[in-house]
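Novice: Residue strings, one per chain:
Protein chains: 6
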Amino acid sequence: MEYTDQAFLMESDRIDSLVQRALEEDLGFGDITSKAVVDPGLMAGGEFLAKEDLVLAGWAAVLQVFRNLSSHVSLDLLHSDGSFVRAGTVIGRIQGRARSLFAGERVALNFLQQLSGVATLTRKFVERVAGTGTEILDTRKTTPGLRCLEKDAVRMGGGKNHRFGLYDGILIKDNHIVAAGGIRNAVSRARSFVEHMKKIEVEVKNLVELDEALAVGAEVILLDNMSVSQVREAVQKTSGRASLEVSGGVNLDNVRDYALAGVNFISVGALTHSAKAVDISLELSLF
Amino acid sequence: MEYTDQAFLMESDRIDSLVQRALEEDLGFGDITSKAVVDPGLMAGGEFLAKEDLVLAGWAAVLQVFRNLSSHVSLDLLHSDGSFVRAGTVIGRIQGRARSLFAGERVALNFLQQLSGVATLTRKFVERVAGTGTEILDTRKTTPGLRCLEKDAVRMGGGKNHRFGLYDGILIKDNHIVAAGGIRNAVSRARSFVEHMKKIEVEVKNLVELDEALAVGAEVILLDNMSVSQVREAVQKTSGRASLEVSGGVNLDNVRDYALAGVNFISVGALTHSAKAVDISLELSLF
Amino acid sequence: MEYTDQAFLMESDRIDSLVQRALEEDLGFGDITSKAVVDPGLMAGGEFLAKEDLVLAGWAAVLQVFRNLSSHVSLDLLHSDGSFVRAGTVIGRIQGRARSLFAGERVALNFLQQLSGVATLTRKFVERVAGTGTEILDTRKTTPGLRCLEKDAVRMGGGKNHRFGLYDGILIKDNHIVAAGGIRNAVSRARSFVEHMKKIEVEVKNLVELDEALAVGAEVILLDNMSVSQVREAVQKTSGRASLEVSGGVNLDNVRDYALAGVNFISVGALTHSAKAVDISLELSLF
Amino acid sequence: MEYTDQAFLMESDRIDSLVQRALEEDLGFGDITSKAVVDPGLMAGGEFLAKEDLVLAGWAAVLQVFRNLSSHVSLDLLHSDGSFVRAGTVIGRIQGRARSLFAGERVALNFLQQLSGVATLTRKFVERVAGTGTEILDTRKTTPGLRCLEKDAVRMGGGKNHRFGLYDGILIKDNHIVAAGGIRNAVSRARSFVEHMKKIEVEVKNLVELDEALAVGAEVILLDNMSVSQVREAVQKTSGRASLEVSGGVNLDNVRDYALAGVNFISVGALTHSAKAVDISLELSLF
Amino acid sequence: MEYTDQAFLMESDRIDSLVQRALEEDLGFGDITSKAVVDPGLMAGGEFLAKEDLVLAGWAAVLQVFRNLSSHVSLDLLHSDGSFVRAGTVIGRIQGRARSLFAGERVALNFLQQLSGVATLTRKFVERVAGTGTEILDTRKTTPGLRCLEKDAVRMGGGKNHRFGLYDGILIKDNHIVAAGGIRNAVSRARSFVEHMKKIEVEVKNLVELDEALAVGAEVILLDNMSVSQVREAVQKTSGRASLEVSGGVNLDNVRDYALAGVNFISVGALTHSAKAVDISLELSLF
Amino acid sequence: MEYTDQAFLMESDRIDSLVQRALEEDLGFGDITSKAVVDPGLMAGGEFLAKEDLVLAGWAAVLQVFRNLSSHVSLDLLHSDGSFVRAGTVIGRIQGRARSLFAGERVALNFLQQLSGVATLTRKFVERVAGTGTEILDTRKTTPGLRCLEKDAVRMGGGKNHRFGLYDGILIKDNHIVAAGGIRNAVSRARSFVEHMKKIEVEVKNLVELDEALAVGAEVILLDNMSVSQVREAVQKTSGRASLEVSGGVNLDNVRDYALAGVNFISVGALTHSAKAVDISLELSLF
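Chains as they are written, first to last, in the numbering used here: chain E, 2 to 288; chain C, 2 to 288; chain D, 2 to 288; chain X, 2 to 288; chain F, 2 to 288; chain U, 2 to 288.
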């Protein structure tokens, strides 16, 4: 199981400060129970165990947790991020001083359970649209401070990322259209402002607006809160002139219907804002 | 609706860096859509609307979001943290430059929805044990980086906080007991280490261990993963010599049974690790 | 002269830490000459004077410098960022305690002269291509730490920005092509990786590669280090199927020829890596 | 080629945060092109090549760039900071994972080209005054955030540093003299304030002021914007009673005349504010 | 002499930023004397020597100082924190590049002398109460920024820590009692607020207040500024129903009397606010 | 009582982060006693009272403490930094919310007592040498993290500062002399390295070395650990050719003898490393 330098380049900075914050929350001026009760030289080890079926995500944070705590913890990843594993699978083994392991255990699991929860839920959506060619996207409805990690987790679950934030993609919504005095104006102002490497996406609420957006050459169009039949009609009307994204009111029950309607993308806020932590344990024992 | 200085003293530091981080995630080098499309002078306003029944938590973060973005946003809180509101209630009003509101909208909602989610779930647990005298506690199973805010949210929902981290409370678990060579040793080492203002809590797995813990004068005892009937027996055995906390396997269905068994505290990881974001919208319109 | 909140939102964070760093470099533990010689209550004022024809950029940094130093400095901007002013023009007036003005003077001018230098040089390139429809772009060859400000300065001079960094645009260069085993592979891997809102740009060194890039549907093609006549041929071959960008070896003498060859964009490293500080003075006098 | 610990002690802190900032500007949440197109395991290497005659400066920053990106990049410096090299010289070799090299390439070159530009320009001034005994000094007109590195580059080019900032040297200028009510007062206040290890420098605009400054025992006198003949007269008048520094209006054409007039120091803002980046390439190829 | 990972986990974060700050104070942009005069390759070494009888504390900071300066300094600790050593004892040996050792020498000694001063003074108080069963506590009267280290030093001297700050222990003082409208109210509000793992301490000024505090079940009672005879009476009255702490006006002369009066704890502000640096030298010589 | 902007410019940055750190140490996640017991709206006020004769220093830190805690605390300084006040003098008044005052009280006093302790001790040394023309200097033996504040306090007590750190003054000690191969070499290397605005100081251990130092034109000479009679001889020998500083073994008893021996400066480590906190109380009461 290997983590390339580059992988860490990307994330380690953001992970580093986030992991540091999480450790500080939990450790403050120290783990007083261990300080009082556990001899410094004592060694321990244990297994990370999946207690339900899940898709793994978050090992990078776990590694960073123990790296921040000690240079002598060894962590053996048996299944890497993105793997689907069954309940009962041992996914990793860890070994080091008992004090270091006790100090990092909870924070490591908090990351791993929460991020694997996102990956696992994403996979469920992705499986529902299997074979349709439609891709599942995340949104900006992420946990404050964890966006980068949650977006990685979405990819681990088979989803794709939408823009990372307000700075790396133009998405013209209803208020922008009002502010600019119509779709035509908004798109033309955006086009003259934005770098030449970015497409322009416009949110539309109905088929009239869709026509307008197509007329001004929007490259991506977001169909906001439309029914499946409206979406079907939108796909026909568009007939390949723009990419189409569905957003709003999508869940595991209706996602396949939207996909079958022929859109390119479906974005799902629930991937990040409603994923529950999956159950992963770390059973440690002393040597 | 007032926020005292002191309330902010407590939280503002932690909130400040966290909100800053969340804004950086979302804004990077700027909201390019607004920059392109929205005139800087344009004003907007809107209402925060509860779309389901919920308990509010997170206003401090929302305030901080807009304070970081502009000194000219005014935010009028109609219902404060801790209030239970019905679906359809307008909980706050906001006004300011359109660009500032668009820039902060998503991050503000991400905080408010997630933290109100924690408060709302906590209230459900608290309501289940109403009249029993048992208190609902949170755990350390919090979202990395958000512990302080989530623990506030738990209080807003009527719960109480367990220790904040490993540094402000002694909790002797099975591994500590092994490490120290028995409960007696562990408790005595802890007692001689810890400040005189802290109680010592010991986790026990069965009634034999409970006896041992009582024998060495543990002031709080955590009954780990016991059935309701075991807990009932433990309460009898203890008969007031220590406070008792139940932990493990507690859910909305069985929490009242545990409470009726007579324990003082029930700690519930789900309060923070499994709370879903509640639905709150912010509908903005231009002036 | 007004600076909207939102304008500051975007930049103030980055400016803030950068200005802070620049002030620390210059002030360390304090301006010992002023501390020794200038009474704290003494007031001063003065004018920022353009000593050559120039395009202004950098006021936001200047404002931040004096805001960090004192809450009592007033700065009156007579010409805003993006204005072209003749030698001899008073562009701003400042007033405050002498100590504050002496403390910030050099750092403020260092920002203003350097960034106006970038804007001024950009304007020269933009003027050369006037009427051709070609746009002048910057590159990533910026001064370490100043990218955001220099890219703003480029816009103030009438240029447009290329991608901000490696994270917000796909540009496939020769090494990437080798790494992926050909243009087709590289483009297809990029397409399946990248968000749906980004175009894919491919760098080509000759017309054969151009054909390949067109064949795989690259949305933007960078013509690397080609002669004007090669570029002309490339434009013909492409005939609107992709946007074309020229890069490499462009200077004030040949930029118009490249533009007349019909490309959409010309990127010029010199805008940022070879701009010289323009001459702006701040003459202060005591009241 | 060796970098001693101590050399890094001095600079590494400042370089570290500056390099970090520069990498963040360029990399944000990651190099998406490489992530998409380049396999993590792929190795690459290449040569840093001087494309014009130049004096090297900035290796410390280059080392820090790659150290921040990966612990597995090896960098072999063939010519060290301060070396004069001819166009066509290979000045260093680098090897590591392709992704790491692609990620750091631009930032590393931005540092190296700009700082070598400063060293190269400094050397030109130093050569002009060869044999005169006059030393070339830098000023505080440095690029915000880069002062420390640029002042090092000046030394690499054979120049000497003036004070680092307002905190480590007393330089009494015209406004200070007005503020204090005359040169005598200003110098006496400065003397009683400043540590006993610092000399006091006074700026004078004419020979009358020079006399005053000499009369009060200024240890260094800055001749501001004087003609060569005025400077010659000043040297005679002073006749060794103080060190003399020329400042203002000095360029490569007239610097030798000022030096021959007999002053000890000539300070030149252009060393840092008008140095252009020199041309250094890094040609990478995959293994 | 070994420093466990965990020991460093606790402290290294806080020490790291503090040591960094202390080094920056002293080194700024570098040790210019060594840079000028000492060849980079020169090696040196030396001994840390106790020049008076003392209790050691602060090695962790010393280690961090040299670790921050160089990865090639070796430090051999002959006596560990908490050891009592006689004047003339060599307590550690150090070796590395001369420049690194010169750079860190003063800062390292500043930590070691000051913290050993705290440990040494603490030991004097602890020795005075030997055999009485009373424990010596520190207070919050610590040097700003050094609390964590000073509280460690107190433990090294045989003392125990009081609460670390306002956040990890409830101590109800006179103003709190007034604010709450009496001891009963104050204690009951505190009890319902605080986590179940914390005891509640109440400060009383006389025996009437002591009775009140006992009546409401305060678990710890602080006897503020009482005479020895009052304390004796308080101990009798309390007769084991609460722990008793003496605070105010305690010095080396009267501390034993207070201890013999039978209290559990005596807290002494002087341990930290009046400890003088002990004399430890570091004699370096070149190899 | 007024604090100019500039005064704050100098210090506020360093003070800000230091005060922040000190508050975090004490407050962590909040003052739980006040949160539990004191109503947020309650107002309080009080007086800072000198309980012994002292020289004031540290108000800037006190102001910063309360400014960080609340924007609604008003602080009225009746005696400013540098004032000598008698025991019993009210030196300042404070008013604000009770919670804010309780939260900042201890940290504010920790700063004020410790820094006034430095100023007070300095004044004692300065008074001892009154009329001799000798100046009392501090050293680098300062409390880690507080150097800037302690050096200010020394000036408040009538002393002067030595160099701030290793970066702003050349002081050639015995090891440097060995490293350079003699005094002549060391001085000549230092002279060619250092900026032209700095004097060079050389430490000598006896009169032979003094002769050498004078011979090479050292501008300041430090007489290390010499007896009063040696110092007297050194003064005669030097006869004005260099400034002389005495260091080592100086205390309140012998400082006047050294001064009368005719040296210019006496540096005293005890000013900072052995100053005890003076007694200042803050008695608060509720309104």
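No lab work stands behind these hints, which were simulated from the structure alone.
Please note that the accuracy of each hint is not assured.
Put simply, identical chains are the same to the list, so a pair is met inside one copy or across any two.
Computed list of lysine-lysine pairs in DSSO-like fashion (alpha-carbon distance at most 27 Å, straight line) [stated by the list, open to error]:
no. : residue 1 : residue 2
1   : 125       : 277
2   : 174       : 161
3   : 277       : 238
4   : 277       : 200
5   : 52        : 238
6   : 161       : 277
7   : 238       : 125
8   : 52        : 174
9   : 238       : 200
10  : 206       : 174
11  : 52        : 200
12  : 200       : 174
13  : 52        : 206
14  : 277       : 52
15  : 161       : 238
16  : 200       : 161
For clarity, every value in this text was computed on a predicted model and none was experimentally measured.
Novice: All hints are to be evaluated individually against the structure, with a verdict given for each.
Specialist: Going through the hints against the structure:
{"no.": "1", "hint": "125 <-> 277", "in the structure": "both (13 Å within a copy, 17 Å between copies)"}
{"no.": "2", "hint": "174 <-> 161", "in the structure": "both (21 Å within a copy, 24 Å between copies)"}
{"no.": "3", "hint": "277 <-> 238", "in the structure": "neither (38 Å within a copy, 37 Å between copies)"}
{"no.": "4", "hint": "277 <-> 200", "in the structure": "neither (34 Å within a copy, 33 Å between copies)"}
{"no.": "5", "hint": "52 <-> 238", "in the structure": "neither (47 Å within a copy, 33 Å between copies)"}
{"no.": "6", "hint": "161 <-> 277", "in the structure": "both (20 Å within a copy, 22 Å between copies)"}
{"no.": "7", "hint": "238 <-> 125", "in the structure": "neither (30 Å within a copy, 46 Å between copies)"}
{"no.": "8", "hint": "52 <-> 174", "in the structure": "between (42 Å within a copy, 21 Å between copies)"}
{"no.": "9", "hint": "238 <-> 200", "in the structure": "both (20 Å within a copy, 24 Å between copies)"}
{"no.": "10", "hint": "206 <-> 174", "in the structure": "within (10 Å within a copy, 40 Å between copies)"}
{"no.": "11", "hint": "52 <-> 200", "in the structure": "neither (43 Å within a copy, 33 Å between copies)"}
{"no.": "12", "hint": "200 <-> 174", "in the structure": "both (15 Å within a copy, 21 Å between copies)"}
{"no.": "13", "hint": "52 <-> 206", "in the structure": "between (43 Å within a copy, 20 Å between copies)"}
{"no.": "14", "hint": "277 <-> 52", "in the structure": "both (14 Å within a copy, 21 Å between copies)"}
{"no.": "15", "hint": "161 <-> 238", "in the structure": "within (25 Å within a copy, 34 Å between copies)"}
{"no.": "16", "hint": "200 <-> 161", "in the structure": "both (17 Å within a copy, 16 Å between copies)"}
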